[in-house]
Amino acid sequence: MDALNHLLAGFAAALSFKYLMFALVGCVLGTLIGVLPGLGPAAGTAILIPLTFSLDATGAIIMLCAIYYGAMYGGTITSVLLNVPGEAASVVTCIDGYQMALQGRAGTALAIAAIGSFVGGTLATVALVMVATPLATLALKFGPVEFFALMVAGLCLVVGLAGKNMLAALLMTVIGLLFAMIGVDPVRGAPRFTFGVEELYDGIGFVPVVMGLFGVAELLLAAEQRQARIIQANLNKWMPTKEERRASVGAIGRGTVVGFVLGLIPGVGAIVPTFMAYVIEKRVSKTPERFGKGAIEGVASAETANNAYANAAMVPLLALGIPSSPTIAVLMGAFIINGITPGPFLFQEQPTLVWTVIASFFVGNALLLILNLPLVGLWAKLLKIPFSYMCTGVLIFCIIGAYGLKQSMFDVWVMLGFGIIGYLLRKLDFPIAPAILALILGPMMEKSLRTTLEISGGSFAIFLERPVALVLLTVPVIVLGALLLRPKTFSKLRESDVD
Amino acid sequence: MIIRRRTLLAASAATAATIASPAIAQNYPRRPVQLVVAFAAGGSTDVGARILAAAAEKDLGQTITVVNKPGAGGQIGFTEIARAKPDGYTLGFLNLPAVNTIILDPERKAAFNVDSFIPIINQVLDPGLIWVKADSPYKTLADLTEAAKKTPGKISVCTTGILSDDHLAILMVQEAAKCEFRIVHFDSGTQQLAGVLGGHVDVAFDNVGSVFKRVQSGEVRGLAVTDVERSKFLPQVPCTKELGLTTVISSSTRGVGAPKGTPADVVKAIETAFLKAINSAEMKEKMDAVGLALKPMVGAEYAKYYADTQAQAKKYTEWALKMR
Amino acid sequence: MRQGRLIATGAMLAFCLFALWQSLLLSLTDRLGPGPGFFPFWLALIGTVLAVALLFTTFREPADPADAEVRILPQGPGVRRWLAIVVLVAATAVAMEVIGFRLAMLAFNAALVIALGERRWWLIGVFAIGGSFGVHYIFTRWLDVLLPDGLIWG
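Chains as they are written, first to last, in the working numbering: chain S, 7 to 505; chain U, 160 to 483; chain G, 26 to 179.
Because the hints were derived from the structure by calculation, they are not lab data. A few of these clues could be false.
Using 16 Å as the maximum straight-line C-alpha spacing, the simulated EDC-like pairs for lysine to aspartate or glutamate come out as follows [stated by the list, open to error]:
1. U:Lys337 / U:Glu305
2. U:Lys481 / G:Glu143
3. S:Lys24 / S:Asp62
4. U:Lys308 / U:Glu334
5. U:Lys473 / U:Glu305
6. S:Lys299 / S:Glu250
7. U:Lys391 / S:Glu250
8. U:Lys268 / S:Asp62
9. U:Lys372 / U:Asp447
10. U:Lys337 / U:Asp302
11. U:Lys427 / U:Glu460
12. U:Lys268 / S:Glu250
Make the full structure from the sequences, and use the hints.
Here it is as structure tokens:
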């Protein structure tokens with residue numbers, strides 16, 4: 007098999023001392039950057055790009071990808087230990103991961119995240135090797151029509167996260183969608199609902215909002231209590247118990263599939279597969295009420311899907327030159343700055359480079375696991391720091407993070423404002439996760455519907471002509487309708503309080 | 160986030176520059192200069208800007224930091240440039256006709272107008288390119304326009320943004336060939352690629368720099384370059400002038416500008432430094448590699464081009480606005 | 026607590042009504058179908074209905090004694106800590122663009138750890154300096170993040 011030969015040659019190169027070092031440095035720096043609350047993988051990757059200028063093309067890509075995976079795992083660490091999501095997709099990990107930390111199982115949560123990420127990433131890369139080019143061409147068939155349907159399906163999945171109060175969840179979703187409408191509208195290309203505030207021209211910043219709703223709000227909650235919410239971090243017990251392992255296997259398996267499949271579709275973004283994997287896990291579980299209270303499957307599925315997605319997203323990137331998420335777009339920009347243009351001709355023109363890079367994905371995934379399992383204790387030690395320093399320290403980075411995105415103090419105010427809002431919502435038991443998902447999916451949904459109508463010339467009948475879109479649209483709508491109209495049948499599902 | 164190219168030689172370069180180029184104003188520049196790019200890192204404009212910044216640093220004698228301020232189709236970045244202090248330490252990359260159409264669309268409520276900028280020197284002129292999938296039934300532009308005349312409003316064409324140069328080019332073709340397309344707006348070249356290669360849209364109106372490699376490789380077929388001459392990167396693709404569509408001339412140009420009120424000697428210093436950089440062999444080599452055609456224009460020539468683009472954009476923008 | 030929920034839902038209702046009004050100012054239709062005001066309008070309408078429904082069900086909820094214990098606003102000694110965070114972050118946001126990142130952060134760090142209970146002066150000093158000048162150095166020199174210099178330094 008041609009691909010296999012190339013891959014073996016790639017391994018020979020990737021395991022050379024030089025490239026191994028690059029991967030290692032990338033993983034460590036990436037994780038470090040990702041751990042800093044407020045700086046997500048996108049920002050973290052962008053920040054570290056200058057490091058690669060002096061490297062050769064292959065070395066640069068290897069280091070950049072390692073930074074990317076490392077930063078994603080770093081985001082996981084802050085999600086579990088501090089309930090501060092490193093980026094959009096880490097939000098899901100916060101839900102159960104932080105609860106596990108509160109119960110003294112932080113080490114286990116981080117360990118299962120590392121293991122799940124490793125398995126998901128490695129399996130995804132194996133699949134990548136086998137089917138890179140043909141799969142990417144197939145994924146191209148996913149156009150704006152199918153995209154819109156996927157978004158709608160994603161939003162309906164929000165019901166899966168609704169918990170006790172579906173009415174509140176739906177309201178939060180709608181409000182999230184309304185906030186998402188601020189910014190450039192897809193019809194005119196002109197600013198909408200900005201009331202002359204220029205900082206809102208591009209929409210209300212997602213990162214400051216999330217940093218506020220999760221990070222700052224958490225600090226405010228902690229500050230109010232007599233004792234700070236100290237997490238009993240048991241460093242020795244990071245190995246999951248037998249039941250936990252058994253429970254996680256299924257979660258990891260399912261997470262890998264979901265993450266990989268969705269990673270192939272350009273433009274999906276990390277948040278959809280992560281949420282989906284989580285919800286699917288909750289659905290198939292015999293004890294869904296545990297979700298939201300520290301269910302290990304919650305962490306395992308989300309993290310596995312996230313990393314499987316990250317690896318699979320390399321397919322549309324390398325084979326087609328199409329980035330799937332903002333973070334990957336940053337990665338692609340870094341490639342271009344270093345003189346590498348991703349695309350199908352990349353495989354033809356520079357096979358050595360491509361296959362060395364793919365081989366280094368395996369290496370990177372393994373390195374992350376080897377690095378982070380023993381370091382789990384180190385990360386958990388972070389929590390012994392007194393609250394006064396921890397709080398101030400996190401806020402320093404949050405302020406830098408919010409400001410540094412666009413050099414805008416306005417974003418810092420947004421973060422603070424949503425911190426207070428998040429605090430109130432948490433106290434009042436309003437679910438926040440649906441609003442977050444709505445905020446991210448809202449603009450994509452409206453834009454893809456608009457593009458769909460442009461393609462169809464204004465006719466909604468196009469949805470009837472595209473089977474994939476049709477299926478994606480009807481199934482969740484039916485599910486949503488059923489849940490709304492027959493609450494008693496599904497009360498068991500709704501008992502678990504997520505968020 | 161800004162990504163700054165660090166020159167370790169900045170200090171010695173500054174000394175060398177003062178000796179080598181006496182044309183630089185006496186007390187400018189004294190500290191690093193910011194170059195604001197209104198589009199995202201990694202995009203066509205950004206790539207060109209970074210190459211230019213790295214080359215011009217040596218001639219200017221100070222670090223030039225590229226700052227990305229993307230959003231709202233460039234409006235955020237352009238507003239930033241227009242509002243900056245006119246002391247020569249904040250420069251901006253002006254994308255035409257993006258600047259023009261934003262000003263001309265009343266709904267965008269632009270905080271700047273034509274006079275808000277001093278166009279200093281143009282770097283790139285990236286002509287428009289009309290392309291289709293390799294296995295598309297349209298082999299020439301004439302095929303396409305003929306088919307469009309027979310089925311008005313059915314053949315779908317896509318742009319990289321509402322009121323982008325691609326959008327205006329479509330309107331020009333519709334006017335010249337008397338046909339009607341179904342216009343679809345994407346947000347970037349990569350989305351266009353996915354849209355056309357995936358079979359969702361029939362034709363793409365893009366620019367040479369974005370897809371020239373794929374045309375050369377045969378992955379996509381270039382129908383025409385919307386310019387008065389063929390592109391040196393795609394010599395096999397005819398230009399609209401030779402095809403008889405002489406009014407269909409559309410390109411995306413990117414140049415350096417400063418906010419209104421920047422002193423003339425500072426402007427001259429900037430012009431000198433950047434012109435030197437653009438004419439250097441290193442620059443030509445790097446730009447050739449990414450398919451961006453250099454077209455340096457300075458002073459009156461650039462100012463005239465700026466005004467001409469505004470006039471041309473006005474006509475087609477008003478047409479587009481009427482279509483809403 | 027129920028009162029708190031009612032107020033919050035009321036606020037959301039007000040928000041939806043505001044959005045409803047604002048979206049009517051935009052055109053709802055367009056040549057191709059939905060105009061810029063279309064989605065916001067329907068969303069705001071649905072939101073209004075949901076908010077009213079939620080107000081209704083919250084009202085009719087049986088009173089939960091355990092629930093009533095929880096107060097929505099911060100109470101007790103925690104109030105000072107809570108306020109310290111909010112006020113200091115706000116103050117820093119204002120100050121940073123005037124006196125620059127380093128000085129603003131220096132003040133912020135010292136003030137906040139003191140407000141949160143720390144009393145070891147040497148540690149406060151080290152932390153304050155490290156967390157302002159040190160962090161500034163790392164971010165601007167190594168990581169290339171632009172931080173405000175303020176009107177004094179810049």
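Each hint, compared with the structure:
About 10 Å separates the Cα atoms of U:Lys337 and U:Glu305, which keeps this hinted pair within 16 Å; it holds. Annotation: proposed proximity of U:Lys481 to G:Glu143 is violated, straight-line Cα distance about 65 Å (limit 16 Å). Taking the CA atoms of S:Lys24 and S:Asp62, the gap is near 11 Å; set against the 16 Å cutoff, the hint holds. At most 16 Å may separate the alpha-carbon atoms for a hinted pair to count; U:Lys308 and U:Glu334 meet this at roughly 12 Å.
With a C-alpha separation of about 28 Å, the suggested pair U:Lys473 and U:Glu305 falls outside the 16 Å cut-off, and the hint is violated. As the CA atoms of S:Lys299 and S:Glu250 are separated by approximately 14 Å, the hinted pair is consistent with the 16 Å bound. Straight-line distance between C-alpha atoms of U:Lys391 and S:Glu250 comes to about 63 Å, which puts the hinted pair past the 16 Å bound. For the hint linking U:Lys268 to S:Asp62, the alpha-carbon distance of about 45 Å lies beyond 16 Å, and the restraint is violated.
At roughly 11 Å between alpha-carbon atoms, U:Lys372 and U:Asp447 fall within 16 Å of each other, so this suggested pair holds. Proximity of U:Lys337 to U:Asp302 is assessed by CA-CA distance (about 14 Å); at most 16 Å being required, the pair is judged to hold. Proximity of U:Lys427 to U:Glu460 is assessed by CA-CA distance (about 14 Å); at most 16 Å being required, the pair is judged to hold. Taken as a hint, the U:Lys268 and S:Glu250 pair is broken in the structure, with Cα atoms around 57 Å apart against an allowance of 16 Å.
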